[in-house]
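Assemble the complex: chain A is given as a structure, and chains B and C must be docked to it using the hints.
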Amino acid sequence: MTDNNTLTFRPSRRQTLMLMGTAGAGLMAPSVLGRDRALAANATGQLVLGFSQEPTVFNPMMPHIEVDEGIYYAIFDTLFDFDEDGNFFPILVTEVPTVANGGISADGLTWTVKLKSGVTWHDGTPFTAEDVKFSLELPMDPSFRSYRSTGYSLIKDLTVVSPTELSWTMTQPFAPLAAVLASTWIIPKHAFDGVADKNTAPFNNAPIGTGPFVWKQRMAGDHIELAANPVYHGDGPHIQALIVKYIPDLNVMYTQFKAGDIDVVGLQWVTPDHYAEAKDLPGKTVEVAGSGTFESFALNMMRPQFQDSAVRRALYHAIDKQSIIEALYYGIPTPTETYMPQQSFYYNPDLPKHEFSIATANKMLDDAGWAKGADGIRAKDGVTLSFTNSTTAGNHLREQAQQFIQQSFKDIGVEMKISNLPPAVMWGDYWMKSEFDSVVVGLNVLLGADPDTSNYFLSTASPARGGAGQNTFAYQSAEVDALLKQGGETFVPEDRKPIYHKMQAVMREDLPFLPMFQYAVCKGRKANVSGPKPNVNNRIDSWNVRDWTMS
Amino acid sequence: MLRYILGRLWQSLILLLIVSCIGFFVLSLAPGGPLSQFALSPGMTQEQMQKIAEQMGLNRPLPVQYLDWLRHLLMGDWGTSYRDGQPVLHIIGQHVFATLLLMGTATALAILIGSTVGIFSAVRRGSAFDYATTVLSMVALSIPTFWFGLIAIYFFSLKLGWLPAGNMYTVGNGSLGDYLVHLILPAMVLALVDVAVWSRYMRTATLNVINQDFIRTAKAKGLPPRRILMKHIVGNALVPMITLAGLQLPAVLGGALVTETVFTWPGMGRLFLDSLGYSDYPVVMGLLMFSAIIVLLGNLLADLIVAAVDPRIRLE
Amino acid sequence: MTMTPDISRPPLIRSRALRRFLSHKLAMLGLVMVLGLTLACFIGPYLLPYDELYIDLRARFAPPGTGAHIFGTDPLGRDVAARLFHAGQISMAVGFAAMLISICIGSAVGVISGYYGGRTSAVLMRVVDAFLSFPSVFLLLALAAFVKPGPAMITLIIAVTSWMEVARIVEAEVKSLRDRDFVQAARMLGLSSRWIMFRELLPNAIGPIIVAATLTVARAILLEAYISFLGYGIQPPLPSWGNMLNGAQQYLQSAPWLAIVPGLAITIAVAGFNFIGDGVREALDSRSDQR
Chain A
1 MTDNNTLTFR
11 PSRRQTLMLM
21 GTAGAGLMAP
31 SVLGRDRALA
41 ANATGQLVLG
51 FSQEPTVFNP
61 MMPHIEVDEG
71 IYYAIFDTLF
81 DFDEDGNFFP
91 ILVTEVPTVA
101 NGGISADGLT
111 WTVKLKSGVT
121 WHDGTPFTAE
131 DVKFSLELPM
141 DPSFRSYRST
151 GYSLIKDLTV
161 VSPTELSWTM
171 TQPFAPLAAV
181 LASTWIIPKH
191 AFDGVADKNT
201 APFNNAPIGT
211 GPFVWKQRMA
221 GDHIELAANP
231 VYHGDGPHIQ
241 ALIVKYIPDL
251 NVMYTQFKAG
261 DIDVVGLQWV
271 TPDHYAEAKD
281 LPGKTVEVAG
291 SGTFESFALN
301 MMRPQFQDSA
311 VRRALYHAID
321 KQSIIEALYY
331 GIPTPTETYM
341 PQQSFYYNPD
351 LPKHEFSIAT
361 ANKMLDDAGW
371 AKGADGIRAK
381 DGVTLSFTNS
391 TTAGNHLREQ
401 AQQFIQQSFK
411 DIGVEMKISN
421 LPPAVMWGDY
431 WMKSEFDSVV
441 VGLNVLLGAD
451 PDTSNYFLST
461 ASPARGGAGQ
471 NTFAYQSAEV
481 DALLKQGGET
491 FVPEDRKPIY
501 HKMQAVMRED
511 LPFLPMFQYA
521 VCKGRKANVS
531 GPKPNVNNRI
541 DSWNVRDWTM
551 S
Chain B
1 MLRYILGRLW
11 QSLILLLIVS
21 CIGFFVLSLA
31 PGGPLSQFAL
41 SPGMTQEQMQ
51 KIAEQMGLNR
61 PLPVQYLDWL
71 RHLLMGDWGT
81 SYRDGQPVLH
91 IIGQHVFATL
101 LLMGTATALA
111 ILIGSTVGIF
121 SAVRRGSAFD
131 YATTVLSMVA
141 LSIPTFWFGL
151 IAIYFFSLKL
161 GWLPAGNMYT
171 VGNGSLGDYL
181 VHLILPAMVL
191 ALVDVAVWSR
201 YMRTATLNVI
211 NQDFIRTAKA
221 KGLPPRRILM
231 KHIVGNALVP
241 MITLAGLQLP
251 AVLGGALVTE
261 TVFTWPGMGR
271 LFLDSLGYSD
281 YPVVMGLLMF
291 SAIIVLLGNL
301 LADLIVAAVD
311 PRIRLE
Chain C
1 MTMTPDISRP
11 PLIRSRALRR
21 FLSHKLAMLG
31 LVMVLGLTLA
41 CFIGPYLLPY
51 DELYIDLRAR
61 FAPPGTGAHI
71 FGTDPLGRDV
81 AARLFHAGQI
91 SMAVGFAAML
101 ISICIGSAVG
111 VISGYYGGRT
121 SAVLMRVVDA
131 FLSFPSVFLL
141 LALAAFVKPG
151 PAMITLIIAV
161 TSWMEVARIV
171 EAEVKSLRDR
181 DFVQAARMLG
191 LSSRWIMFRE
201 LLPNAIGPII
211 VAATLTVARA
221 ILLEAYISFL
231 GYGIQPPLPS
241 WGNMLNGAQQ
251 YLQSAPWLAI
261 VPGLAITIAV
271 AGFNFIGDGV
281 REALDSRSDQ
291 R
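Chains as they are written, first to last, in my numbering: chain A, 1 to 551; chain B, 1 to 316; chain C, 1 to 291.
Hints were generated in silico from the structure; no laboratory data involved. Take these hints with a grain of salt, some might be off.
What the hints assert, rightly or not - Computed Cβ-Cβ distance ranges for the label pairs, DEER-style:
1) B:181 <-> C:18: 36 to 42 Å
2) A:384 <-> B:50: 34 to 40 Å
3) B:293 <-> C:23: 43 to 49 Å
4) C:66 <-> B:181: 33 to 39 Å
5) A:46 <-> B:180: 57 to 63 Å
6) C:179 <-> B:139: 38 to 44 Å
7) C:190 <-> B:309: 34 to 40 Å
8) B:158 <-> A:485: 54 to 60 Å
Think of the CB as a built atom: it goes at the ideal place given N, C-alpha and C, for glycine as much as any other residue.
Here chain A stands alone, though its shape is the one from the complex:
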């Protein structure tokens, strides 16, 4: 499986290893290191990557949004990461821990990680297991404002065996930990030595990493400048200067891409209405790429209107998905029946297909005893089929889809009132504590390529029902609960697959959210840029920025 041909764009450390399953032994040939460095020193050119949101949080352990991760991939390294096929490849480790290679014990409770040697931080300090220990412990530091505790809270007895090896035990088997580690950027312990308040450490605004690019400077509200790390431990980077430019308006971003001011259009990408024009632009490569986010019409399962499964199925039949995708989204996204991205190993392709039919929907509601009142709105036992629907104000395409759905629902005697909110209000208590009736939302419920979704679908994960998690649908299913538990404790992918297939089937039947489509985005870059590659398992374009080249 080893592929030492550094001339291709699938470099050596991109050996694909199946998660803890098949024995794909990855061994870095030590000689490769020297050659890589030579390459990095030859890095040339300046690449401008445009984002429509501004990266502002530079300590990856602190609460951040996806655009911030666009910077992390350049400055920091994770121990290992997911490639576009959902397989792990090593970055700071010599091999990805699996049950097969002994990195994870058979019961899933003991983990051992072996680190590369000779890696240094951007300031020249050697990188050691102490840094990894620090990075894994920091999220649980009570005085630290940490991003999350999922997974980290189960780690105990973290032991540094040697500068290049550490091990720990888990309080319970937790397969998604590998996915958590794949998005844990390792930060330097020494940057926090003697810092009283880690929340305001100087590091947070002048990050030091082991990654392919070194922090140069930030012009707030405008751009961030990064430079090639000449002593990067992997192969790459191949670009001398990386400018991450913040352009808040998608039209302006597209115009600048067209004009050649931006080399790669990142996050929020080319808007669908520009796709037809963009794909024929000379000297530009514009591709549609799947994303891990799925659009759904989420229901609050605590509302009386949505208790009857006939209502949920009827609503689903009344959504004209095809028209929404074809007309409003210019045919770019893919229709879906589930939350699982179609690129995933765990995707269930055999779910019943959605069928748009106002007649079927009307019949279903008639049969279930929902009779139309004088105002044309259906009701049954004192419950009227009238509810509000919210989404983030300012998302034009989604607002259009919402109004289109509103009209379809009217045709089946359902009144949907639109009440859109600014993002800060929408995703506050309104969403987290299930204060909504229904919401049109784009969600990525996965942690990287791991299929576990306990945080979203477990009955006990509903804050509105007194739980902790993001089950804002307030969905309750004993069957799903059992499947999630079983899946979380199973480590071999082939064994996990049927569990999650079953779960997707159950949820397609229950419809706590009406799945609409899996997002796809139009990524654009200049033709002389190679390397950017879609990856549904990572949240942002720059996940493999170390491989990007310009000719």
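Frame of chain A; chains B and C shown alone:
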């Protein structure tokens, strides 16, 4: 004089206190908050959000938060952004240049064009020119700035391709010429309303001067009309314009906010909208206070200059 | 109450002011613009074959003049003309309501401050100054970002940020009248302060208030457009002139009419009110006869 200034400063302080109080409570009482943006992050839990809120001091009683903020402000600490942890003053400092560049250019344009038009229509009162400019300036005052911006982009950028549709400079360029090219459209759009305001006021001010005795005297003395115009009329009409410049400040700042949005100009207006979107209260409050201070100081300065220029006015 | 001194302006002056107003060409043009637009907004929807909410994805982005779509269609295939007229009803209603509320707040604050003077006046006028020292768009957005955006809320927010001018005008007027004979007389008759303030003093300031009112309607329509354009105002599918422009920037290249049409409507309405306001001001200004 000194007493007057001190009195005005004292009044301004009280004003600022009221401003800050209104601003703070309006922002904080609203639903949502700075943590909402993390709600959709993978692995985020309600518990974790609460923990973060606690660490940031967001769940303390509001009056306590307000007094704490005020106490720091009085000690010169404007707080730090919830988004990037940078000091608020530093962040404002990074955006103030862009706004000043835009506002300054627009105001200079407006004064130049507006005063000229105003003086001429006053001198030729009742002429077709006077009537046309009066009507036009009222129409200009009625056009929504942002819409005018959109129309300008449509014609000059999309149709004619002469000027860029937005941003302050081209990435990787940033030469003076590049800045200027980017500046033309937004400055023109922002100046439109001001030209209207300035020409109207300048016309009135000139008319007031023209009718005064000393002008008649000057005319009687046989001074050339051009000299009368330049020296006596303009000189005297300019005095009230200084006050106007002070009073116009909030409007120009507000106009800049909307214009910056349309042209993705990286100034304080965009910072304000971004910060508002993320509920970054310290920055929003900082901007509110900053603009209020600018406005108050501007007014005070205008009054002082007027007093210095015009001996007839005495400050009590 | 028959003893109440008659303080209203003599009818002669009023009619002269009216005459001046009627002969003011610009004001008449303004009146025609506003009335024309109002009529169009209220009658137009009945003349059009389309419902402002009816979505037809097959007819999206039809340019003006396609079939019966005189102003074209929007991204959802809705008739822009139908939406424009409905939006006009909403935008103008918001403008008027905001004007009424801000006139009420402004007059009350102004009259109280002017009548009592002293400390009351100092406090009230400082609050006025405080409101004036924000750029109003900042304050508007700060408020609008955090309420549930509906027409009523937006109206209230606009009113809350535009009453200060009226307060200043009324205060100045009342202050100058406070010590006049008829007020003294009213006091001696034992009339309550409230009666004097609202029945004796306020009517005297009615001229400037009318001017302020027309200009406030114009301003309120503009402000609604600003906040709705930025996405914080009235929410779709309910159309308003401002929110019809929200999102129009995205289609500037392919469907420029989406931006041009509502913007023109706003400009006509606002200019109309401004013209009227100017006419009223000149009509009430007795000096203007001498010009």
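Each hint tested on the structure:
With their beta carbons about 53 Å apart, residue 181 of chain B and residue 18 of chain C fall outside the hinted range of 36 to 42 Å. One distance hint, 34 to 40 Å for the beta-carbon pair residue 384 of chain A and residue 50 of chain B, holds here, with the actual separation near 35 Å. In this structure the supplied range 43 to 49 Å holds for residue 293 of chain B paired with residue 23 of chain C, their Cβ-Cβ distance being about 47 Å. Checked against the given bound of 33 to 39 Å, the beta carbons of residue 66 of chain C and residue 181 of chain B, roughly 37 Å apart, stay inside it.
A hinted range of 57 to 63 Å is violated for the C-beta pair residue 46 of chain A and residue 180 of chain B, which are about 24 Å apart. Between residue 179 of chain C and residue 139 of chain B the beta carbon distance is about 42 Å. The supplied range of 38 to 44 Å therefore holds. Hint check: residue 190 of chain C to residue 309 of chain B, Cβ distance near 50 Å, so the stated range 34 to 40 Å is violated. One distance hint, 54 to 60 Å for the beta-carbon pair residue 158 of chain B and residue 485 of chain A, holds here, with the actual separation near 57 Å.
Hints 1, 5 and 7 from the earlier list are contradicted by this structure; the remaining hints agree with it.
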